[in-house]
Amino acid sequence: MWSCFKSGTKAQADPQFEVNHECVGKGGNDTSKYSSKVSSATIYSVPRTDGEILPSPNLESFDYSELKEATCNFCLDFLLGEDGFGLVFKGWIDEHSLKHVRPETGMPIAVKRLDQRGSRGQQEWLAEIKYMGQLHHPNLVKLIGYCLEDDLRLLVYEFVPNGNLENHLFGRAGDSHFQPFSWDLFMKVSLGAAKALAFLHYKADVIYRNFKTSNILLDSNYNPKLTDLGLAKDGPIGCNTHVSTRVLGTEGYAAPEYIRTGHLTAKNDVYSFGVVLLEMLSGRRAIDRNKPSEEQMLAPHAKRTINMRKFSQVLHPSILGQYPKSSVLKVAQLASQCVSDEPNFRPNMKDVVEVLEELQKSNDNERCKSSKHCK
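Okay, so the sequence shown: first residue is 1 according to my numbering, each after it adds one.
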């Protein structure tokens, strides 16, 4: 069953409706607060071949020689990490001409080179161009362009300097020391990531299918940016309730009904979001093979424990000491709802955003009341 899944424990190095009331769609009603830019009124289908890549004013077509120069011939000193696509290198280009410049000058970029022997293939490379090239949101990594020459396939992204959430929480591979965020940063990362998913679901009608800590990058101000939409799928069409697809994703983050049936809905992303919240609250990874068998999968174990109101058995001790108790318990309950076995019992991402915004507003008000400068 799990042969289609990637391991959830591999750390990355540092590197981004109109409603038909007879068959209500996948999301909700008011989409305005989740709006950002979609490049056209229609999200074009994933190209089936390289020749079907549509020219886009939002994407630059790079020569391989330019990217080779920009990364100093893909020097290992500039290696940022590796994912299912292949290796990711840091490079530099001129902000205006987009031509290569000397290292540490100009605009930094992240260059991802597809490994033809890797676990991710041509169709996912094309899907990444489709989605990242047309969807624009403050909490999505910007795709600057791509390179297509002979058998070479590369993607060029904005450089996101603070690496990924997985490394911030758990350190590098082999380092299991949990490093919790401050409460303010916890809320900033959680809310920003939730807004990105709400945008995908409500504005673009896209199911991410690959939400996890290693795909949440953090910019210089620790704003979260989702990356890697190569596994994304368009949502159901018309009165269809789901998309039938081969089961792909990362073990520990995928919803149980998707694993059982291959029926994909936006509630799969909600489940994944709940898992990430639980990782941030508990200091545990989505899967821990060193735990007793009934505790190895974080989501079902944490859900059972939270439902019994045994919060101290789930929340990391350092969090209990520094986070506002009432707020953190509400977030724990929200996470538990997100990982419900029954998808209809999970909130949608619009609801998740509203809960987190209300918590943030409440905390800001409490801070204001305790401040002498509050008016």
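What the hints contain is simulated information worked out from the structure, not anything from laboratory work.
Heads up, some of the hints might be wrong.
[Stated by the list, open to error] With a straight-line Cα cutoff of 27 Å, these simulated BS3-like cross-link-like pairs (lysine-lysine) come out:
| id | residue 1 | residue 2 |
| --- | --- | --- |
| 1 | Lys291 | Lys361 |
| 2 | Lys203 | Lys142 |
| 3 | Lys350 | Lys325 |
| 4 | Lys361 | Lys350 |
| 5 | Lys233 | Lys291 |
| 6 | Lys68 | Lys188 |
| 7 | Lys291 | Lys142 |
| 8 | Lys310 | Lys369 |
Do the hints match the structure? See the list:
1. Lys291 to Lys361: Given that 27 Å is the threshold and the Cα spacing comes to 37 Å, the pair is violated.
2. Lys203 to Lys142: holds, 17 Å
3. Lys350 to Lys325: Measuring from Cα to Cα gives roughly 24 Å; hence the hint holds.
4. Lys361 to Lys350: holds, 16 Å
5. Lys233 to Lys291: violated, 34 Å
6. Lys68 to Lys188: violated, 36 Å
7. Lys291 to Lys142: violated, 38 Å
8. Lys310 to Lys369: Given that 27 Å is the threshold and the Cα spacing comes to 31 Å, the pair is violated.
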